[in-house]
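These protein sequence lines map, in sequence, to chains U and P. Numbered per our numbering, the first sequence spans residues 1 to 117. Numbered per our numbering, the second sequence spans residues 1 to 113.
Incorrect hints may have been included.
Straight-line C-alpha distance at most 20 angstroms; calculated SDA-like pairs for lysine to any residue [to be verified]:
1) P:LYS52 x U:GLU105
2) U:LYS57 x P:ASN2
3) P:LYS56 x P:GLY1
4) P:LYS56 x P:LEU19
5) P:LYS60 x U:GLU105
6) U:LYS57 x P:GLU42
7) P:LYS60 x U:PHE107
8) U:LYS11 x P:LEU48
9) P:LYS68 x P:LEU48
10) P:LYS56 x U:GLU105
11) U:LYS57 x P:LYS56
12) U:LYS57 x P:TYR39
13) P:LYS52 x P:GLY41
14) U:LYS11 x P:GLY43
15) P:LYS52 x U:ALA99
16) U:LYS11 x P:LYS68
17) P:LYS52 x P:THR24
Which stretches of chain U does chain P cover? Using the computed rule of at least three CB atoms under 8 angstroms from a CB of chain P, they are [as the list claims (entries may be wrong)]:
18) 39-51
19) 108-114
By construction, these hints were calculated from the structure, which means they are not laboratory data. Don't be surprised by glycine CBs; every beta carbon is placed ideally from N, CA and C.
Below, each chain spelled out in residue letters.
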Amino acid sequence: DTGVSQDPRHKITKRGQNVTFRCDPISEHNRLYWYRQTLGQGPEFLTYFQNEAQLEKSRLLSDRFSAERPKGSFSTLEIQRTEQGDSAMYLCASRLTVAGQNTGELFFGEGSRLTVL
Amino acid sequence: GNSVTQMEGPVTLSEEAFLTINCTYTATGYPSLFWYVQYPGEGLQLLLKATKADDKGSNKGFEATYRKETTSFHLEKGSVQVSDSAVYFCASSLNTGFQKLVFGTGTRLLVSP
């Protein structure tokens, strides 16, 4: 399978614990996005990377959240001191940007569901 | 700002019925518009898109026309199938760099035989 993969698919944790999610984008894609989706809502933008550079962060991304893409390939999203309000589906998406040829299409993974007890 | 509003679901239809899912947008500029679909147990995938006014996006029998005068991008299909049951998300992207998508809340479609 050469799509976007995310791991783990489901994480249950206790409040106050740290969790880390990993995303492996489609191999040639230089842009990687993280979104959060809560029940009954659409995905909300969190942050994105162009290669290894984090270019934008949403206000939703509090200082308990940190995302990295150290070598411009896979990315991790860490949440420290989790709270019940962090319970959501965390979606990763990627795409290839080529000057003058952007289609705007994002390729999404199946998501990592976080449940904070 | 940039936002998208779509009709609440669920939308329940019988097979071969006509489908409309409404979507309107607000934007300070001229966004590109998208419909994404999420089938049960799968990730979101692009269904169709339109990048400028009066463009019509189409795919798998679905269509949507970018209407600048009504700031709308309604999704339509003439004859739905059971396999179309999914959650449909309208989305917009403000600038030509497609930096990020802003999504609506999603509309669940249930098609019965």
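Which hint numbers doesn't this structure obey? Violated hints: 3, 6, 8, 11, 12, 13 and 16; rest satisfied.
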